[in-house]
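Got chain S; can you put chain Y on it based on the hints?
In case you want the letters, here they are:
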Amino acid sequence: DTEVTQTPKHLVMGMTNKKSLKCEQHMGHRAMYWYKQKAKKPPELMFVYSYEKLSINESVPSRFSPECPNSSLLNLHLHALQPEDSALYLCASSSPRGPERETQYFGPGTRLLVL
Amino acid sequence: SQQGEEDPQALSIQEGENATMNCSYKTSINNLQWYRQNSGRGLVHLILIRSNEREKHSGRLRVTLDTSKKSSSLLITASRAADTASYFCATSPTGGFKTIFGAGTRLFVKA
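Line by line, the protein sequences give chains S and Y. Be aware that the first sequence starts at 1, since it is given in the numbering used here, and climbs by one per residue. Be aware that the second sequence starts at 1001, since it is given in the numbering used here, and climbs by one per residue.
In case anyone wonders, no lab produced these hints; they're calculated from the structure. For every residue, glycine included, the Cβ atom is placed at its ideal position computed from N, Cα and C. You may find that some hints are simply not true.
Lysine-lysine pairs mimicking DSS-like chemistry, simulated, CA-CA at most 27 Å apart [what the hints assert, rightly or not]:
# : chain 1 : residue 1 : chain 2 : residue 2
1 : S       : 38        : Y       : 1056
2 : S       : 41        : Y       : 1026
3 : S       : 9         : S       : 40
So the derived label-pair ranges between C-beta atoms look like this [what the hints assert, rightly or not]:
#  : chain 1 : residue 1 : chain 2 : residue 2 : range
4  : S       : 100       : Y       : 1026      : 21 to 29 Å
5  : S       : 20        : Y       : 1030      : 28 to 36 Å
6  : Y       : 1012      : S       : 77        : 15 to 23 Å
7  : S       : 80        : Y       : 1110      : 22 to 30 Å
8  : Y       : 1080      : S       : 3         : 23 to 31 Å
9  : S       : 96        : Y       : 1039      : 26 to 34 Å
10 : Y       : 1078      : S       : 16        : 36 to 44 Å
11 : S       : 98        : Y       : 1016      : 36 to 44 Å
12 : Y       : 1016      : S       : 72        : 29 to 37 Å
13 : Y       : 1039      : S       : 7         : 15 to 23 Å
14 : Y       : 1030      : S       : 65        : 29 to 37 Å
This is chain S alone, in the form it adopts within the complex (with noise of 0.2 Å):
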């Protein structure tokens, strides 16, 4: 299995709700990552995590929350968004050790409009 996943594909949110995104993998994968796209725009790296640890945090602000409950899930808990993070929020996996490691697998991602 070389997928990751991400749910929903598409989410509508007001200014005051609260909402996660999911991702998941099952290639036995201990970095995962989120980032944020906006249109016409190269992917921005917002958090890793490796072995279920932050291991990065690039400074976002504190109404998204990531969570890694395990080495195969990874959440982006969202909470009083601002319609400037409308955007398509991908999540990557890949292998910490091996010639490999760098590469990154993408997940189609999650439209998200905040209203």
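Below, chain Y alone, put in the same frame as chain S:
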């Protein structure tokens, strides 16, 4: 801030022609990768070239790396309409998990 800058920003070619995209970066790197993204979807890894390599091939893809100029190029030969996508270079300046993507080149291949 973006590590990589790519040019051209957009490229339109006929099917069968070759497409060349360039990427420049600012800091030392351990490797450089190229990814492809179809409209509004996830990225797909194409190829990785390490800092001690100068050229690498994979099918119709040819990647070069010039660390003295801090630049890389991706050549797609005999392009097909299905190659229409955005192409991004990506670097990991510290060799760790932090990955920085270039601005991307949008390639359109006309059938």
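What are the numbers of the hints the structure violates, in ascending order?
1, 6, 7, 10, 12
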